[in-house]
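Participant: Which chain is which? The protein sequence lines are A and B, in order.
Be aware that the first sequence starts at 1, since it is given in the numbering used here, and climbs by one per residue.
Be aware that the second sequence starts at 1, since it is given in the numbering used here, and climbs by one per residue.
No lab work stands behind these hints, which were simulated from the structure alone.
Any given hint could be a false lead.
[What the hints assert, rightly or not] Covered stretches of chain A, as calculated for chain B (at least 3 residues, CB under 8 Å):
id, segment
1, 76-82
2, 95-106
[Claimed, not checked] With beta-carbon atoms standing in for the labels, derived distance ranges:
id, chain 1, residue 1, chain 2, residue 2, range
3, B, Q84, A, G20, 20 to 28 Å
4, B, Q84, A, H196, 34 to 42 Å
5, B, W22, A, Q86, 57 to 65 Å
6, A, Q86, B, A106, 50 to 58 Å
7, A, P92, B, I28, 56 to 64 Å
8, A, M242, B, Q84, 52 to 60 Å
Backbone N, C-alpha and C define an ideal beta-carbon position, used for all residues, glycine too.
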Amino acid sequence: MTQKKVAPQVEFIGVSKIYGNGRTVISGLDLTIAKAEFVTFLGPSGCGKSTVLKLISGLTPPSSGTVQVDGMTPTNARETVSYIFQDATLLPWRTVRNNVGLGLELEGVNGGRRRERTASLLDLVGLGEVGDAYPRELSGGMKMRVSIARALATNPRLLLMDEPFAALDEMSRDHLNEELLRLREEQKWTAVFVTHSVAEAVFLSTRIVVLASNPGRIHTVVPIELAFPRTAALRASPEFGMLVLQISRTLREAAQP
Amino acid sequence: MKRRLLPLANAVAVFAALLLLWQSVLWIFPVPSIMLPSPWAVARAVVRRFPALMTSLTITAEEAGGGLIASVLVGLVIALVFAQSRWVRRMLYPYTILLQTVPIVAIAPLILMWVGAGTASVALIAFIISVAPIIANTTQGMVSVDENLVHLFLMHNASSRQLLFKLRLPYAVPSLFVGIRIASGIAVIGAITGELYAGSSSVGEGGLGYSILYASSQLQTDYLFALVLAATVLGFAFFFIVMFLEWYFLHRWHESARTPET
Chain A
1 MTQKKVAPQV
11 EFIGVSKIYG
21 NGRTVISGLD
31 LTIAKAEFVT
41 FLGPSGCGKS
51 TVLKLISGLT
61 PPSSGTVQVD
71 GMTPTNARET
81 VSYIFQDATL
91 LPWRTVRNNV
101 GLGLELEGVN
111 GGRRRERTAS
121 LLDLVGLGEV
131 GDAYPRELSG
141 GMKMRVSIAR
151 ALATNPRLLL
161 MDEPFAALDE
171 MSRDHLNEEL
181 LRLREEQKWT
191 AVFVTHSVAE
201 AVFLSTRIVV
211 LASNPGRIHT
221 VVPIELAFPR
231 TAALRASPEF
241 GMLVLQISRT
251 LREAAQP
Chain B
1 MKRRLLPLAN
11 AVAVFAALLL
21 LWQSVLWIFP
31 VPSIMLPSPW
41 AVARAVVRRF
51 PALMTSLTIT
61 AEEAGGGLIA
71 SVLVGLVIAL
81 VFAQSRWVRR
91 MLYPYTILLQ
101 TVPIVAIAPL
111 ILMWVGAGTA
121 SVALIAFIIS
131 VAPIIANTTQ
141 GMVSVDENLV
151 HLFLMHNASS
161 RQLLFKLRLP
171 YAVPSLFVGI
181 RIASGIAVIG
191 AITGELYAGS
201 SSVGEGGLGY
211 SILYASSQLQ
221 TDYLFALVLA
231 ATVLGFAFFF
241 IVMFLEWYFL
251 HRWHESARTP
261 ET
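For reference, chain A alone in the conformation it holds in the complex (with noise of 0.2 Å):
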């Protein structure tokens, strides 16, 4: 094995975010994410998770350090990083299938290959039949497939996502984890994830942070070292409860103030 020295996906170097108010939101965070992590942002309301995202994606400027995505500056790494919200926002005048194909393109990809791609996506994700009816006609869990199709349609290396799945039920929510991580499987991206459900977390990621509020901050990183590929059936087992358990403990934890 040839050892290379690879930039990390993402790196934090003693990030602060205060906001205009004089809120610290987050507070001297040092943090490195490697190629291929599952990495999930697990805290109480308020600590900044979502404002973690907001500094990877460049759309906050960090208040002191710095953020690197892929050795380069959080705006210039955009091409290579999809953003999935957590309400779908789908533009509800499109029909799927130009949904999907929205940052294709704005991002100017011509017309034979978009559609193409967009085609191929809607088959991954399964919704092959839906291509052409418009957002208002899905469901929730239908309409989080289309902008995770939409956000995958790019070819990114880095997936960020902000709780995605809190607007839906349990068992939509289950089956669109056991999917990400089979898209994972196939398409290797690095994530990025906040979430406040532990056993989402847990089922997801490679390693969980758990952040403590007033200001945000790390308090304790915890790596998830359960098997790929990780199925329905390993929710029902011991080393998953128990992980879920400790984590649940961490998290009240960190609440404390």
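With chain A's structure known, arrange chain B on it following the hints.
Facilitator: Same frame as chain A, but now just chain B:
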């Protein structure tokens, strides 16, 4: 189908009842027909002077329609400019309110002086009073775009042009139609008001406003009623055309436009 026809049937019933009330007033009180002609006399006036009525109606429809189309085009362009920056908006928005509050009767003589009597100045008046709601509603629609949608576009390195035309503009179409719906009513009123001042460039032919003025001076009250009726029909027609366009453009995707409410 039955459910959709029922409100229509009710509306017709109300109309019939009003006619009956009108006629009964005439039966009970001896009102001279110059003051209040019977519904029958009005109907006769409509039939007898149908060609003249249609000419007036067409003229007013063209003026109001022209003014309204100009409002939509100009309003849309102004809203696109306003959507670009808060700074521009703050600087120029007060003037659109000015546009809305200026009494049209006060500036009509000015316009008449500058543009001359006739269709063009009436359309201009219709435009002036109907453009404000389009600017206001469309701008509002464009700036209230979901923040995450803007972020989504930024993550794909969208240009400001793409943001404007692929996000803000389509996002604002439902609001644009709210504006057009309000403007369509005002444009008709504006055209008729304008005609009272600037209705005709030649003697004897003009839109509804002009003809209303003429009929009242001649004490042709039955025809005056017919003209008022025509003005109402015109207002309705505009409203329904706008409703239809709104439904046509929005029904596939927009929640509110699934079933047109009439």
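Participant: With reference to the structure, classify each hint as holding or not holding.
Facilitator: Checked hints:
no., hint, result
1, 76-82, "holds (count 4)"
2, 95-106, "holds (count 4)"
3, B:Q84 <-> A:G20: 20 to 28 Å, "23 Å, holds"
4, B:Q84 <-> A:H196: 34 to 42 Å, "38 Å, holds"
5, B:W22 <-> A:Q86: 57 to 65 Å, "60 Å, holds"
6, A:Q86 <-> B:A106: 50 to 58 Å, "52 Å, holds"
7, A:P92 <-> B:I28: 56 to 64 Å, "57 Å, holds"
8, A:M242 <-> B:Q84: 52 to 60 Å, "56 Å, holds"
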